[in-house]
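**Q** If you read the sequences in order, they're chains A and B. Counting in the working numbering, the final residue of the first sequence is number 129, and the numbers go up one at a time with none missing. Counting in the working numbering, the final residue of the second sequence is number 479, and the numbers go up one at a time with none missing.
By construction, these hints were calculated from the structure, which means they are not laboratory data. Treat the numbers as computed from the prediction; the structure is a model and nothing was measured. Please note that the accuracy of each hint is not assured.
Claimed, not checked - Output of the computed footprint for chain A on chain B, the stretches with three or more beta carbons under 8 Å from beta carbons of chain A:
1. 32 to 46
2. 49 to 56
What the hints assert, rightly or not - Which residues of chain A face chain B? A few of them, derived with a C-beta cut under 8 Å, are:
3. Ala46
4. Leu85
5. Ala89
6. Glu91
Using N, Cα and C, we set each Cβ at its ideal position, and we do this for glycine too.
Letter by letter, the chains look like this.
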Amino acid sequence: MSPTPSPSVRDALVEALVPGVALRGPQASAQAWRDFAAAAPLHLRVGWWAATLVLGVVWPLALSGRRLAHLSPAAREVVLRRAAALPGLAALVEVARVCVCLVALDDDALRAARP
Amino acid sequence: MSRRDGRALRGREELVADVVVVGSGPAGAVVARELATAGLGVVVVEEGPWIEAADHPADALGAMALSYRGMGAQVVLGRALMPLVQGRRVGGSAAINGAICWRLPRDVHADWVAQDPALADALPWTELEEVTDRVEAELGVAPTLPEIAGPKNLLLARGADALGLAHRPIRRNVRGCAGLGRCLQGCPAGHKQSPEVAQLPEALARGATLLHDVEVVGLAHARGRVQGVAARAAGGGTVVVRAPRVVLAASAVQTPGLLLASGLSQGPVGRHFQCHPGVSMAGRFPEVVRAWEGATQGHEVIGLRREGLKFEALGHPAGVLASRVPGVGRALGRAVADLDHWADWGVAVRSRTEGRVRRVLGRTVVTWSPSADDVRQFRRGLQVLGELFLAAGAERVAPHVAGLPATLATPAEVAALAQGPRRASAYQGAITHLFGTCRMGSDPRRAVVRPDFRHHHVDGLWIADSSVFPSNTGVNPQVSIMALATICARRMLAA
Ligand SMILES: Cc1cc2nc3c(=O)[nH]c(=O)nc-3n(C[C@H](O)[C@H](O)[C@H](O)COP(=O)(O)OP(=O)(O)OC[C@H]3O[C@@H](n4cnc5c(N)ncnc54)[C@H](O)[C@@H]3O)c2cc1C
């Protein structure tokens, strides 16, 4: 058993971290997060859960009184940038970056030839 | 003889063999093949799965979940939580490695002999040369061809030329490589000559049995003699393999872990853990690089090897490369959308720092912290990486050092990396080469195995992997591991 972030908090964080990038579709994404939960060691799952909780809920609430999911794209950007600049939160931002890039991005689309 | 899948084993199974080999990486596969060829009944037990080449996923998550221990995210415990990356599958870490081949450097062998003069005769340089020639010939080791190198490798050559640093195409164990760039996920075409392609099929053809998805949990031993191994199958069953000889080849982390779990703590087992920590840097080029294409690791800069720094082009899956580009939010989104212009190059550090493998609450853990010297090497290595990128034409680089700007673009900014933070935790490193935790030597107080690879205290027990190396090698170790494993098999046959 390990903590699992709620899909809405998780998805808000994903969209805020890498806006405008091809993500896996909803079904593939749900499956990828399940694969991640099954394969990742406990410390990584806990790190990811803490990152979603702090960056998706606690930190934006403290800054703006709202959760990340309820903020405009511009406000989300500010929340994440300020977290990345704080030594105490930068490590969580890094965990979130790595997990999101591994799990949420659509690898095929990333590799597809561009004009 | 056969390959058996532990996922289908539910009850209790008992096997008898002449020799049981634990682990199917380069060390275990070589020993198994040599002993099976000599006519011994060999059982190889491997914790991870058998994966057909065509089933190797292209994406980072799929590959890491399938082939990497702890999804590539297990860490060493210490002042910096660095990932300790290992394979967990048939073929071991070599099935997902960069295919880089280096012979054991003569100066490293000389160091070993200086530490223990008995090694001059027990592990003579001439024999090492001879078996290394054999290994290289068998694996088709040859320099990466320019036509399959791809831009990320050729750009590193350009940068090194501009700085006047010695560099060369990497010598790799591949046959017919088409530059698919997927060594780290497992070659989908079976071109990489890793153990599941090169040695294990021959071992099986010569009568060996491979049990995969079966984890050895302990060694059976009594009155100073080994009797076999006890194992747990992924299907829930238990397996006992009775054998008068056991060869541990489970890697420099899991081999000492198994000894300790089996109550065999004589000598410095688990101590003297050494490694090559590495840090990397991403750089953005004006031209398209498509770093996931071309030979995964096809070029290296060796001009600073004597200073303990070796630079390599890296060929990650796209998802991993995305995590190496800088920024959050729109900046990261833009960089990821522009991923085909980015490359990631790394530097491996020959660290002298020692750590330890222990058993804690029934788990094997590694403690290791970079020393002040190591951090100095990270800083210097990153500075040189930055210089290489700029000399090769990169517009900016992402050093991933806490407390420094996310991107650097000028020679002065890059030069400042040499004065970067002194805290080890400021650097994002990773460890892939592991050594020394059951080291070889003639003094049982200072070594776990004798110079002929036999355990000092337990008859019938041999260790064949890089845990027996008296120190790290400063270069990529798979060829040295296979050379020493060949000699281990010879000593077993002669015993
Ligand atoms: C990502 C990566 C890239 C690398 N690139 C290079 C490179 O380009 N060139 C190079 O020279 N080296 C490279 N290396 C290092 C090289 O692959 C390893 O040094 C080498 O594979 C170690 O060989 P080994 O046989 O000692 O252990 P491994 O290859 O790690 O094999 C050990 C095997 O034992 C199994 N095992 C462990 N415990 C048990 C148990 N209890 N029961 C049953 N089985 C068990 C494991 O699952 C594993 O398959 C790389 C490593 C990694 C991780």
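**Q** None of the hints should be skipped; say for each whether it holds.
**A** Against the structure, the hints come out as follows:
Only residues whose C-beta sits within less than 8 Å of a C-beta in chain A count toward coverage, and the stretch 32 to 46 of chain B has 5 of them, enough to reach three; the restraint holds. For the stretch 49 to 56 of chain B, the proposed coverage by chain A is satisfied: 3 residues have a C-beta within less than 8 Å of a C-beta in that chain, meeting the threshold of three. The interface hint given for Ala46 of chain A holds, since its Cβ lies 6 Å from the closest Cβ of chain B, which is under the 8 Å cut-off. The beta carbon of Leu85 of chain A comes no nearer than 12 Å to any beta carbon in chain B, farther than 8 Å, and the hint placing it at the interface is violated.
Evaluation of the Ala89 of chain A hint against chain B yields a violated restraint, the C-beta minimum of about 11 Å exceeding 8 Å. Interface restraint check: Glu91 of chain A against chain B, minimum CB-CB distance 4 Å, threshold 8 Å, status holds.
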